[in-house]
Amino acid sequence: MYLHQQPALFEGSVESNLQQVYKLAIHRDRTYDRAKILAYLSSLDRSADFLERSVEHLSGGEKQIVACLRSLQLSPQVLLLDEPTASLDKTTTEQLEILIAQWQRTDALKAYIWISHDPEQIERVTDCQLALSGSPLPHA
Amino acid sequence: MNNYIPIDNWQLALAAALILINIALSLGLRLGLARKLGIAALRMVVQLLLVGYVLGWIFALDNPLWVLLLVFMMSAIAGNASVNRTRRRFPSIYWNSFVSILAASGFVTGLLVEGIIHIHPWYDPQYVIPLLGMVLGNALTGTSLALDRLMEDLVSRRSQIESLLALGATRWEAANETLKEALRTGMIPTINSMMVLGLVSLPGMMTGQMLAGVNPTNAVRYQIIIYFTLAAGTALACISVILLAFQVLFSPEHQLRLERLRKIDA
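The listed protein sequences derive, respectively, from chains H and G. Be aware that the first sequence starts at 1, since it is given in this note's numbering, and climbs by one per residue. Be aware that the second sequence starts at 1, since it is given in this note's numbering, and climbs by one per residue.
Keep in mind the hints are simulated off the structure, nothing from the lab. Values in this document were obtained by computation on a predicted structure and should not be read as measured data. All residues carry an ideal CB built from backbone N, CA and C; glycine is no exception. Any given hint could turn out to be false.
[To be verified] Here are the computed lysine-lysine pairs in the DSS-like style, where the Cα-Cα straight-line distance is at most 30 Å: (1) H:Lys23 - G:Lys180; (2) H:Lys63 - H:Lys90; (3) H:Lys23 - H:Lys110; (4) H:Lys110 - H:Lys63; (5) H:Lys90 - H:Lys36; (6) H:Lys63 - G:Lys180.
[As the list claims (entries may be wrong)] Covered by chain G, according to a simulated footprint, are these stretches of chain H (three or more residues, beta-carbon under 8 Å): (7) 7 to 16; (8) 24 to 36; (9) 65 to 73.
[Claimed, not checked] For each label pair, taking beta carbons as the anchor points, the in silico distance ranges come out as: (10) G:Ile264 - H:Gln129: 41 to 47 Å; (11) G:Glu253 - H:Ala111: 17 to 23 Å; (12) G:Gln255 - H:Phe10: 16 to 22 Å.
Based on the sequences and whatever the hints tell you, model everything.
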């Protein structure tokens, strides 16, 4: 599952965004788990009110959080993260890193690829790095 | 019953003098339209006179092959005109539009003349050509609006559609809303004109039949069946052109292929 750097949310509340993906045929056998979302939110220091807010009024960082939760709740096998914390402050960034690490540890087969410009973050969140330089030859 | 007055060349010339009113206005008010008006008037006269002769000739030939050839040519022109009003292109857009318009218009016109009006012979150009022409004209407007809306929406809603695809949606699920919106847009002019028909506008065919001496209540009956045919033909043509565009702009691997769209400088 791929998480876009500038996430697109659908019109409506945060919660309706989280619920909407269960309408897709591929996720139809699962159901929306509010308790799981609330647990995620509390580890990001956000209350249940956050779910009622309209996505129009969210900041760029909050939108990234919603998009990230929208993917995480589906417990994907592989997650491609394109600068998922680009618009987040330092605390929230670290909280989100922990959240993703927790998801990954639930199953040995789960993995993610994290794209970032922040060398410290890369050090924190990855085991194996691939640097893409401006030149056509990437080196590992 | 038949009190139809044919128009001779002298009467045509007199009517042409009316264009002088426009030209005088344009010159007087410096609208800069005189040249364009002149060209447009000349084109209108030449095109219509030519069409009159071609149709007269085909009516006289009374041969199904010529009628079918004309059907194809009219559909090709309609397909081309439909695409030319849109702001973006993809590789097979002209072909898609032609096939959709031909199939939908041919189908409903066929149903109308064979199944409802029962004309003899089956290709009688006196019925087939004008009826098909009206269906084509309407399908053209519908498909061009639907195509334009579809392509513009795909571009503007790209990130939403791609987010859905990234979340595991099939191409069908991701595009569903956009496709429906395009179909709705394509049908709006037909529905709107049906709403005010007879109140605001007197349709051309009805007025034409009345000028030719047909009783208004009969002319109205023709107009009613024509409108049902137009609406069905336009809906089918729009659905077809939307689905064909969808096949091109989304890959079977559920990817949005917007790189296949090219913007046209208007």
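Failing hints, ascending?
none
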